[in-house]
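Construct the entire structure; sequences and hints are all you get.
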Amino acid sequence: MRFINTGMTSIEEVFRQNGYITDRPIVTALHLVRTLQKPLLIEGPAGVGKTEIAKVLAQSLNTRFIRLQCYEGLDAANALYEWNYAKQILHIQMTENSGSSLSEKEASIFSEPFLLSRPLLQALREEDASPVLLIDEVDRADEEFEAFLLEALAEYQITIPELGTIKAKHRPYVILTSNRTRELSDALRRRCLYQWVDYPDFEKETAILQARLPGIDKQLADQIARLMKEVRSMPLSKVPGVAESIDWAEALIHMHQKELNKEAIYETLGCFIKDKEDWETVSREIEEGTLLNL
Amino acid sequence: MSHLPEYVVAFCRCLRQNGFLIGFKEEEDTLVALQSIDMSNQEQFHLVLKTILCSSKEEQAVFDQWFYQFFKLEQEREDPAFLKDLRKEGKQAGQHPVKADQERQTARGQREKAAARQGGGKGRESPGEEAAALAAEKEPVKDSLGKALNWLAARAGGNQAQLTAPISPSQLESMEASAKVFIKNIEIKQSRRLSINKKGTVLHGRRTMRRSLQTGGLPIKRVLTGRTKEKASFVLLCDGSRSMEAYRGKFLQFAYALAKHTRRVEVFTFSTRLRKVTEQIGEGRDGKLPTLIVQGSEWGGGTRIGESLSSFVDQYGPRLLRRDTVVMIASDGLDTGDISHLQWAMSELKRRSSAVVWLNPLLSMPDYKPEAQGMKKALPYIDIFTEAQSPEAFRQLAKQISIRR
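Note that the protein sequences, when read in sequence, are chains A and B. Position 218 of the first sequence, counted from 1, bears residue number 1409 in this note's numbering, the numbering being contiguous throughout. Position 226 of the second sequence, counted from 1, bears residue number 1159 in this note's numbering, the numbering being contiguous throughout.
Hints listed in this document are in silico derivations from the structure and should not be mistaken for laboratory results. Warning: the hint list may mix true and false statements.
Each computed DSBU-like pair below joins lysine-lysine, with the alpha-carbon atoms no more than 35 angstroms apart [what the hints assert, rightly or not]: (1) B/K1209 - A/K1465; (2) A/K1296 - A/K1358; (3) B/K1309 - A/K1429.
Now the structure itself:
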C-alpha cells in the first residue's frame, strides 16, 4: 500500500521504540504534517503526551528538536531574536579609540555575533534538514503573540531590519500544543491541522506502561490502568494524566509492589493526586472499598 | 476516481454551510493529501479528511456524523449509539434545518456562542433550556438530540460541560437605574479624617501657601480639605445550581448592572465549585451583553454552598473581605454538601465583611420557612435575609443595608 510505503510504518516503529504507543489518527496527522507542510495543532488534557509526540517525531526523523515554551507575556524578543545589548555596549567601549567611522561601528555591532537567536529564528535558520519546532502550550501566550506567530508561520520567513530577510532553507515541522485554557483564534486554527488527544483507554494505557517500564509486572500494569480509569471518572479538580500513571507505576516498582493494595495506594497517593480536595475524595473512595473492588 | 475532487469539494461545501472553518486552502490540502494515501482504505480516508477539515474538538465530534452521512458509509463499531439514531432521523427527515442549526452552534462552540445566542436565542436562559426548548419544538428528536448535545458539551470541557449563561436584556434599563440608586444609597459611615478634597469646605493653609509660591506668593488657588465619602465594595456570589434556575438570571442581570456602574464589584458563580466571573461580566463587546461561559460545576449542577463559600473565603478572602465590603449571596440554601463548611464560611464572612445579605427566592412563597439544614446553619450570620426579584426590590434593598463598623 502506498500509505505504508511513505514512511508511515517507520514513524510508528520509531514511536514504539521510544516507548510511545501511538494510534492511527496521530500517525496520520504526522504523515500529513510531512506531506502538506502545515503546522499541527494538538489539543487535549494535561499529561496525555502531547509534547512527547513532537519529541518522538524529531527522533524518528533524526532532526533537531527546537522548543518554544509559551507563557503569559511572551513577546517577539523572547521568541524570535534579540540583540545582545550588553555585548554591544562592551564592544563599543573597547573599540572607542580604534578610529573607525560611525557606519563601520554600526555595521559591526549589528552583525551575527551580536544576535541572540531565539527558538523561532533557530528553526528557520537550520542548515541541514527540517527541524521539528514545538510551540508548547500556545494557549498560555497572549492573543497578540498568537497573531505574531501566524505571521511567522505563514511565510516561514522573518525580516530583521539590520540584517535583512531570513528565509527558511528547510521548512520546519511545526507542532503546537494547547491545554485549552483559552480559546485559540479561528485564524490560527484554520492555518493548522488539528488533532485531539484524549486520555488513553484501558488497553492503550497498559501498553504504554509496559513500553515505558519494561520491568513492570503485567498484573500490576493492568491494575494501575484500571484504577486510573476509575480515578479519571471521579469529579477531581486535577485529573491525573498518563505522565502521572507512569510516575506512580515507577514508584510502585521501586517499592517492590507486585500488586495494588490499600496500604500501597495510600503510601503513593501523592504520585497522581495533586490537590487537597482530590486527595480527600480519592481516599474516601478507597476507604469505602469502591476503588479496590476491581 | 475521477469524480473524487468534485465529491471532496461538495463535502467541504456541506461542512462549511454547517459552520466548519474551511476555506479554499483546506480543499486543496485535502486533495493533495489524498494523493499520498491508499484511498481504498476507508479508515485512512476518514482520518485524513478529519485531520485537515476539523479545527476543534467539537467539530470532530460532529464531523463523523456528516462524513458517514455524506459518503453513505457504514459506521465504525465504537460509534456511540445515539449518533446512529441521529443519522437515522436525519435520513427520515431529510434536511432539517433545526438540527443543522443546532449542530452548527455546538460545533462552533464557545467561539460563536456569544454572538449566536445574542442574535438567535432571545429569552433562552441557558443551553440546557435551549436544548429543552428545541426538543419541545421537535418532539421526535428529543431524546437522542439532547443526549448528543450533552455529550458534545460534556466532551468540550474535558470531563465537564461548558455552559453559557447570558445576561437577559429584558428590564435591563430599569435594573441599571436601580443599580445606580443601589450604589448611591448604601450608607457608609464617613471617616472623620480630613483630607484634600476639591469639594471640601475647610481651607488647607499650608498647602495653599505652598501653592502660592508658583504664582509669586499670591494665593490664587485655594486648597480645600474635607471628609471623603467612602464607598462600599460588593462581592456577589450567585448560586447557579439547577434549583435556582428561575432566579439566577435576575441576579446575574443585577450583577451586570452593578458592575457597569462601579468598579468595586466582584462576581462569583458557584454550584459545586466556585468561579470568578467578574472579568466575563464586564466583557460585553460591540454593545452586546456579555455571555458567561461556565462549567457544569459552576452552573446548573447540584449545590455545595458550604464548600464553595469556604473556598471563596480561603482564596479571595484576604483580598476582597474588608470593612467596607457588602457580601451578597443569592441562593436557596438547599445544600447537598458538607454543612460544617457552611457554618465556618458564614462566620468568617460575617466577621470580616461589613454586611452579609442573603437573597433567597423561596421567600417569595407565602409559607416558606428557612428550615433547610444549610439555611438554618447560615441564618445566625446573616444581616439581611430577604428576596429581591424586581429592579424595584433591589432599589429598596439598598435602604436596608447599612454598613456596620
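Each hint tested on the structure:
1. At roughly 22 angstroms between alpha-carbon atoms, B/K1209 and A/K1465 fall within 35 angstroms of each other, so this suggested pair holds.
2. Using a Cα cut-off of 35 angstroms, the hinted pair A/K1296 and A/K1358 holds, with the two alpha carbons roughly 26 angstroms apart.
3. Restraint check for B/K1309 and A/K1429: the C-alpha separation of about 33 angstroms stays at or below 35 angstroms, so the hint holds.
Comparing the model with each numbered hint stated earlier shows that all of them hold.
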